[in-house]
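Asker: Chain by chain, the residues run as shown.
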Amino acid sequence: MAKSKQEIATSENTVRSFGAWAKSTFSNQSAILVVTLLILAILFQIGSEGIFLNFGTLGTILEDWGSYILLALAETFVVITGGIDLSVGATVSLSSVVAGWVLVQGMHLDATTQGSAALPYVLLATLVALLVGLAVGALNAFLINILKIVPFIATLATMGAMGGLAIIISGGMPLQGPNDFSLGIAYNIGGVQLPISTTIVCVLVITVIAGLYLHKTRFGLYTFALGSNPFATRAAGISPARHLTKIYMLSGGLAGLAGAYAYVRLGAGSPSNGAGMELYAIAATVIGGASLMGGVGRVVGVALGTLVLFTVQSGLLMVKVVTVSPDLKQVIVAILIAAAVAVQTLQKSNRR
Amino acid sequence: MTGKVIYEVKNVTKNYGAVVALDGASLQLHAGEVIGLVGDNGAGKSTLVKVLSGAHSPDGGTIELDGVEQVWHNPRQALEAGIETLYQDSGLAPHLTVSQNVFLGREIMTKGIFGKLGFLARKQMEVQAQADLEAVGIAFASSNRPVSQLSGGQRQAVAIGRAVSWARKVLILDEPTNHLGARQSAEVLEVIRRAKKKGLGVIFISHTLPHVLDVTDRIVVLRLGQIVADAPTSTFTADTLIGTITGSYKGAGSQK
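Which chain is which? The protein sequence lines are A and B, in order. Per the numbering used here, the very first residue in the first sequence carries number 221; after that it's consecutive. Per the numbering used here, the very first residue in the second sequence carries number 188; after that it's consecutive.
Honestly, I wouldn't trust all of these hints.
Straight-line Cα separation of at most 16 Å, EDC-like style, residue types lysine to aspartate or glutamate; simulated pairs [stated by the list, open to error]:
hint, chain 1, residue 1, chain 2, residue 2
1, B, K197, B, D246
2, A, K436, B, E294
3, B, K356, B, E267
4, B, K356, B, E251
5, A, K436, B, E313
6, B, K197, B, D417
Cβ-Cβ distance ranges computed for the label pairs, FRET-style [as the list claims (entries may be wrong)]:
hint, chain 1, residue 1, chain 2, residue 2, range
7, B, G299, A, F401, 34 to 44 Å
8, B, Q275, A, I366, 22 to 32 Å
9, A, S459, B, G248, 17 to 27 Å
10, A, F401, B, V314, 46 to 56 Å
To be clear, the hints were calculated from the coordinates, so they are not data collected in a lab. Bear in mind that the values here come from a model prediction, so they are computed numbers and not experimental data. Think of the CB as a built atom: it goes at the ideal place given N, C-alpha and C, for glycine as much as any other residue.
Go ahead and model the full structure; you've got the sequences and the hints to work with.
Answerer: So this is what it looks like as structure tokens:
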């Protein structure tokens with residue numbers, strides 16, 4: 221009798237743990253975003269008179285997605301702690317410019333080095349961009365932890381400073397250096413143009429690792445704890461300052477990698493590479509279900525939220541049945557953000 | 188009934204700017220003893236709790252644990268020395284699950300390389316948290332629910348269960364029966380009695396004087412940062428205790 225009870229409990233547990241896994245991986249927000257994507261795909265397919273759904277369009281969307289997802293991930297970690305990082309866009313500019321400067325001014329190379337011969341230089345550019353990003357993140361952490369400036373103002377200051385530095389170092393012009401453009405070109409296998417390139421694969425791998433770290437590790441747990449209740453976190457013996465230093469350096473590092481992505485895409489470090497990107501990154505994060513109040517956010521949601529954002533951007537360009545002014549794009553992005561926040565709020569009030 | 192002195196503060200002072208929060212307070216806690224720390228709002232109870240738990244450094248005076256002088260620079264040091272504190276109303280992170288809260292700061296990692304990379308043994312902690320809470324006398328349907336989905340009483344139960352299950356020497360409970368109904372309060376008092384039986388020294392801070400008179404062995408009264416009474420609970424009645432807190436009664440146990 222007792223044994224059969226246990227057996228029932230075990231099988232129930234298996235069902236429940238699968239349910240729990242599905243629930244924890246794909247939250248309500250994610251389900252809504254998947255449905256939104258499907259609806260958008262159908263609408264754009266009709267609106268574009270049947271030319272929207274193909275690997276070419278998908279490739280364009282994924283390329284944009286790749287530009288922004290690293291920043292959206294950076295923003296996700298920061299936002300979950302209850303902070304914000306406005307400097308990520310300027311960090312993209314600065315890190316791509318410094319990478320270009322090292323190759324062009326430092327090593328006297330130029331755009332004539334192409335293809336696989338340029339590969340070592342691309343890797344060097346990536347490393348330089350990453351280090352620049354980490355340095356900006358460390359500066360943000362110093363302003364926030366030591367000078368006790370609130371994250372919004374601290375990163376607003378570094379945003380201005382880093383954007384300015386990028387213009388000074390580059391002289392306001394793109395620094396064209398060695399590049400292997402094939403890294404960013406979609407794979408063509410057996411005559412079929414896939415929507416995936418080497419850069420996209422790299423970005424996808426980083427996204428998966430970020431997801432595992434946020435949801436499966438102690439580092440991720442402390443990130444949520446800090447945003448949920450900083451006092452309880454400190455009382456549990458965790459140093460908020462030490463964790464925030466890691467968070468802002470992670471954010472800067474991801475922005476540096478996004479700078480490297482921009483360099484590879486363009487073959488140049490340009491001071492305009494990251495201009496305004498922070499707002500789209502924050503928008504994607506919020507559409508993906510993260511809360512600016514802290515304590516809430518999922519990488520799956522943010523990846524989908526970024527996808528929704530750029531599906532809208534690309535899709536609107538292809539709509540033929542009505543003329544869509546580019547200015548209307550902004551309005552639609554704004555509506556998306558408002559809708560995402562409304563959904564969050566409604567879910568919260570339903571739970572009570 | 189009670190053992191040796193386990194935790195002691197001598198002549199502790201703490202100022203916030205011009206405000207004197209603690210003015211030469213001294214306190215002894217024995218193993219297996221429950222003391223009630225009472226006083227009006229602003230008497231210095233919370234400050235004394237923060238000094239005892241390592242959250243604040245006192246401006247003067249000494250702290251001794253098991254007869255050895257200690258200087259806490261942060262709460263972690265006090266936690267590692269076996270002193271657990273339940274803070275008033277703010278002990279848990281609402282977005283985390285019950286088991287994540289129970290293990291916060293003391294996580295179990297998975298075995299092998301993934302553990303070294305920081306991956307958590309989530310399932311193991313859920314099972315362990317459930318067992319720990321049950322051992323303390325708090326039964327829970329599920330330790331993987333977010334704390335935000337629990338009722339106020341359940342949250343408080345988790346916070347207390349967590350503190351009791353981790354405490355090795357001293358348990359400090361700041362207003363643990365606040366916002367609780369009669370039955371839940373009775374359960375909390377029962378948990379305190381069990382902690383005492385385990386040989387822990389318990390400091391119970393509360394405005395609910397019947398609870399204090401019910402569960403404590405000794406009562407310490409704070410007024411304006413000074414300890415004005417320190418006597419066995421049996422020497423107080425509800426009336427004389429209120430009188431001692433407000434300063435209108437200067438009888439048994441009263442020092443000033």
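Asker: State for each hint whether it applies.
Answerer: Results of checking the hints against the structure:
| no. | hint | in the structure |
| --- | --- | --- |
| 1 | B/K197 to B/D246 | holds, 12 Å |
| 2 | A/K436 to B/E294 | holds, 12 Å |
| 3 | B/K356 to B/E267 | holds, 10 Å |
| 4 | B/K356 to B/E251 | holds, 13 Å |
| 5 | A/K436 to B/E313 | holds, 14 Å |
| 6 | B/K197 to B/D417 | holds, 14 Å |
| 7 | B/G299 to A/F401: 34 to 44 Å | holds, 41 Å |
| 8 | B/Q275 to A/I366: 22 to 32 Å | holds, 30 Å |
| 9 | A/S459 to B/G248: 17 to 27 Å | holds, 25 Å |
| 10 | A/F401 to B/V314: 46 to 56 Å | holds, 53 Å |
Hint compliance for this structure: every hint is met.
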